[in-house]
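Protein chains in written order, with my numbering: chain D, -18 to 472; chain V, -18 to 472.
FYI, nobody ran anything at the bench for these hints, they're computed from the structure.
Fair warning: there could be bad hints in the mix.
Identical copies go unnamed one by one, so any copy, or any two together, can satisfy a pair.
To be verified - Cross-link-like lysine-lysine pairs, in silico, DSS-like; alpha carbons within 25 angstroms at most:
1. K58 / K103
2. K275 / K58
3. K160 / K103
4. K412 / K423
5. K320 / K79
6. K160 / K275
7. K3 / K251
8. K3 / K453
9. K103 / K3
Just so we're clear, the structure is a prediction, and the values are computed from it rather than from any experiment.
There are 2 protein chains.
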Amino acid sequence: MFESAELGHRVDKATFAAETPKLRELLLNAQFELAQARRFPVVLLISGVDGAGKSETANLLTSWMDSRFIQTHGLEKPTDEARAMPHMWRWWRQLPPKGRIGIFNGSWYSRPILQRVHRETKEAQLDQSLGRIGRFERMLLDEGALLIKFWMHLSKDAQKKRLKNLEADPLTRWRVTDKDWDHFEMYDRFRKICERSIQATSSADAPWTIVEASDFRYQALTVANHLNDALRRRLDGLGNPPLILAPPLPPRLDAMNVFQKLDLSQRIEKPDYEMELERLQGRLNLLTRSKAFKQRSVVLAFEGSDAAGKGGAIRRVTGAMDARIYRVISVAAPTDEEKAQPYLWRFWRHLPGTGRFTIFDRTWYGRVLVERVEKFCAEADWMRAYGEINDFEEQLHRNGTLLCKFWLAISPEEQLRRFEARRDTAYKRFKITDEDWRNRDKWDAYQQAVYDMLDRTSPSHAPWTLVESEDKNFARIKVLKTLVERIETEL
Amino acid sequence: MFESAELGHRVDKATFAAETPKLRELLLNAQFELAQARRFPVVLLISGVDGAGKSETANLLTSWMDSRFIQTHGLEKPTDEARAMPHMWRWWRQLPPKGRIGIFNGSWYSRPILQRVHRETKEAQLDQSLGRIGRFERMLLDEGALLIKFWMHLSKDAQKKRLKNLEADPLTRWRVTDKDWDHFEMYDRFRKICERSIQATSSADAPWTIVEASDFRYQALTVANHLNDALRRRLDGLGNPPLILAPPLPPRLDAMNVFQKLDLSQRIEKPDYEMELERLQGRLNLLTRSKAFKQRSVVLAFEGSDAAGKGGAIRRVTGAMDARIYRVISVAAPTDEEKAQPYLWRFWRHLPGTGRFTIFDRTWYGRVLVERVEKFCAEADWMRAYGEINDFEEQLHRNGTLLCKFWLAISPEEQLRRFEARRDTAYKRFKITDEDWRNRDKWDAYQQAVYDMLDRTSPSHAPWTLVESEDKNFARIKVLKTLVERIETEL
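Let the sequences and hints guide you as you build the complete structure.
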C-alpha cells in the first residue's frame, strides 16, 4: 500500500512558486470562513516515519494560515495531572473547538504502534487499540469534526538518505537522535505494523492519505491542496456526514421490565437508619483516608426521576468525606466553550485526579434520556451515544477509576407527593420548576428511555445499581453500602 | 488583637440545635439566589492555627449548603504544571465563577506566613508579600467578588489541649502530625506574625473576622451567621463596593508626546530585509532550542493601531519556531466562562509552560485602550487596571517569564492607505470591518489612551518597545531584533 508513495514524486521550484500564492489565499479564505461560522472543528493528523518532514509540514501550514486559529500539538511527556487520567485525556484536552484547526504531530496512533514495534504488545492488543481508536474517531466524526489523516512515507533507502543528510548539516544534526537510528533498524517491522494500522483505521469519511515525503515541495503541496479541498467541501455543505438511518429500537412485546422486580416498599426506620448511616459513613471516611485510595479515583453517577432523592443521597455520601477531596458537578446547560466541543467533553473536563471523587448529579446519560425524549438531538445522535458512553466508561475502567452508577427509582405516585411537598415548603420551592411538571407528563416516554439505557449500558465493570427510593432512608443506605463495598472490593 | 477570641465563647447544644435549621434554610435560599443571579462570586478564606477546626468548618458549611454550587480547596502540593507558572496561578485557577462559592482552607496567606515563621524570609519580605496579597484582594473586590476572611484562633493552652485530645482518640490520631507539634513549639512567634499579617490585610470591605475555635458550635454558628449576613447584604444590593471617584487624569498642557520622537520614516529595503530576517530567525530558532531556554517561558504582547502590522510581525516571529512550542492567542469577545471571572482571567489561562511562547495578538491592555475609549467599562475600572496590570506583569517577571511588549506605531495617513488596500485585495478583505473605520474616527481619543498607557505601564522589567511600523520591513526586523536580544540577555 506504500508503493505509490515510493515513485519519486517531485514538484519543481517553479511550479511550487507558481502554486503557493493562490493556495495560500484559498486556505486563508477557507480558514476565515471556518472561524466565522464555527460549525465544525478540523482535526489534522500528521503521522509517519522519522525524518519524513512532519514538523516541517506543520510549520509550513501554520505559517501559511492565520496562526490565531490553528494550533499544533506535539507528543510530549505527560504531566503528572495527565498520568492520573485515562490515556485519551491528553488528547481530549487538546481537541480544537468548532471553528479552529488542531494539527497533531504525533497522535493517538503513536503509542500503540511503537509499543507493538518494540514488542511490548501482541498483535491482538494492537488491534484492540486500533479498534478503540476507530471508535474514538467515529465519535469525533459523528460529532461533526472534519478529520484529515496524513501518513508521511519514506522508502527505506529514502529514510536512510534523509537521516544521513540531516546529520551531515550542522544546523540540523540535533534533530537526529539515536532513537531515530534504532527505529530505522526496525524499518521493515515498523512498515508492516503501520500498514496494518492504516488499513484498520481508514474509513469512508476519514481515510488515511499516504504522502511520499522524499520531496518537501511535493509533500507540502499535496497536504495543503488536500486540506483546502476538504475544508472547501465541508464549508460548501458537501461531504457532510450522511444521516444514520438506524432501525428503530425493537418494540417491547410485553409490559415486563426490570423495575417490576424492584420492591419499592422496602423501608428503613429512623433509628436503624441513623445507626447504619453513621456506620457506613465511618467506613467510607476511613477508606478515603487509606493509603491505597490515594492511588485511585472515583466517579459517581447519579440519575433518576425528578425528586427521586439524588441530592439527598449525594449529601449522605459527601457528608462522610473531607470537602477538599470531592467535587459535585451538577449538569446544567452547556457553556459556549462546551458547546464548541464533542458532547462528552463537558464531562471529561471534570474527571477526578488520584485520591479524589467527582460526583455527577445527572450525567452523560442525559443524551439518551432527556435529549432523546425532548428531541434535543437527532435519533442518530442518541442511538450512537450508547456506544460512545460504553467506550468512555471502559476508558475510566482501564485507568483504574472506580465508576458507580445509581438509578434512583420511585413510583409516579411518590413523585407527585414529593412535588407537592416541594411546592409547599418555603426553602424547597426552588427545587421545583414548571419544567418538572411538564416532564412528569412524559413519564412513560422517560421510562422507555430508561429501560433502553439500562439494557445498553450495563457492562460488568460499570453496572447500574437500581436503588429503590420510595423510602429515602432505604435509598441513602443502599447507595452508601454499594459504594463502600465497591471501594472495599477494589482496594 | 486575639484577646476577644480567648474568652471561652461557647454555644450550648440546645441553642445550636434551635438555631441551625433556620440558618440552613437562610443559607440555602441565599445560595440559590446567588446561583440564579450569577452576579458575583464568593471567596471564603478559612485560615488559622493548626487544630482549630478549619476543615470541620468547611465540611459543615458544605454539608449545610448545596454542594453543587460550593467547592472547597485545600493546600496541595503544586502540580508540575503549576510549578512552571507564577505563584498565584494555582489560586487563579481555583477562583469560583460568578454565582458560586469557593472555600479556601489554606490560601495565599499560608506560604508567606510559614516562610516567615521558619525564618526563611525577613520581615520586609513578609510585608512585601502581604502588600501583593492586598493588591490581589483589592482586584478581586473591585471585580465584584464577595471576599470573606475567617481566622480561626486558639490560645496556646487551648491549642495544646486540642492537639492532645485529637491524639488521644484513635479515630483522629492520624490528623496530628509532627509538623503540628513543631508549629506548636513556635506558637508565640506564629501568633505575632499572624497578627502582623491580619492587620496588614484587613480592609474596609474585606476585614478579617477572628473566631475563637475552642468550641466548635460557637465557631460554626459564627461562621455560618456571618456568611449568611454577608451574602444577604450583597444579594439585597447593600454593601456594593462604592464607586471610585478618581481625580481625572491630568490634562496634557502641550502637544508633545513620546510618538513625536519616533522617526516613522525609517525603512529597510527588501534585500537587506531578507538577509536580516533570515539571520534573526536563525538566531531565534537556535535560542528556542537551547537547553537554557527549556527552563524559561516567554510572553509576547502585541498592541498597535488597526492595520499597524501586528499579524505580519507575529508571523515573522512564529516563522522561526517549531509550531509545537508556541501558541497565538487572538483576543476576541470573552466566552461566558471568561465573563464569570475577573478581567485578567482570560489571559491567565493561556500563560505558557516552560520552554514555550504565548503570543497575544492584542492583550490585557484592551482594558485601558478600547474598553476605555468605547466606554465598555466604567472609568473606575480602567483607572484601576493600570495597577492590576503592573501587578500581573510583576508576577510574570518574578516567575522568570520573559515578557516583551510591542506597540506598533503608524501614522493616520498610513493607516488609511492600508485600509484602502485591504478593502481592495480579495484575500485581505476579511481583515477590515466597519468597526475598523469607526475606530479610525476616534484616532485622537485612542492616542490619548495610548499615551496614558505608556506612561503608567512601563516598569524596567516590562518596558514597552515602540516600533516604528510605517515600513513593515523595518517593524518586523525591530520586533525580531528586540526579542532576540532580550532572550540572549536573559539566558
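Against the structure, the hints come out as follows:
{"no.": "1", "hint": "K58 / K103", "result": "within (24 angstroms within a copy, 38 angstroms between copies)"}
{"no.": "2", "hint": "K275 / K58", "result": "both (23 angstroms within a copy, 14 angstroms between copies)"}
{"no.": "3", "hint": "K160 / K103", "result": "within (22 angstroms within a copy, 50 angstroms between copies)"}
{"no.": "4", "hint": "K412 / K423", "result": "within (19 angstroms within a copy, 51 angstroms between copies)"}
{"no.": "5", "hint": "K320 / K79", "result": "both (9 angstroms within a copy, 20 angstroms between copies)"}
{"no.": "6", "hint": "K160 / K275", "result": "between (35 angstroms within a copy, 21 angstroms between copies)"}
{"no.": "7", "hint": "K3 / K251", "result": "between (78 angstroms within a copy, 22 angstroms between copies)"}
{"no.": "8", "hint": "K3 / K453", "result": "between (69 angstroms within a copy, 22 angstroms between copies)"}
{"no.": "9", "hint": "K103 / K3", "result": "neither (48 angstroms within a copy, 64 angstroms between copies)"}
Hint check: a violation occurs at hint 9 only; the rest are consistent with the structure.
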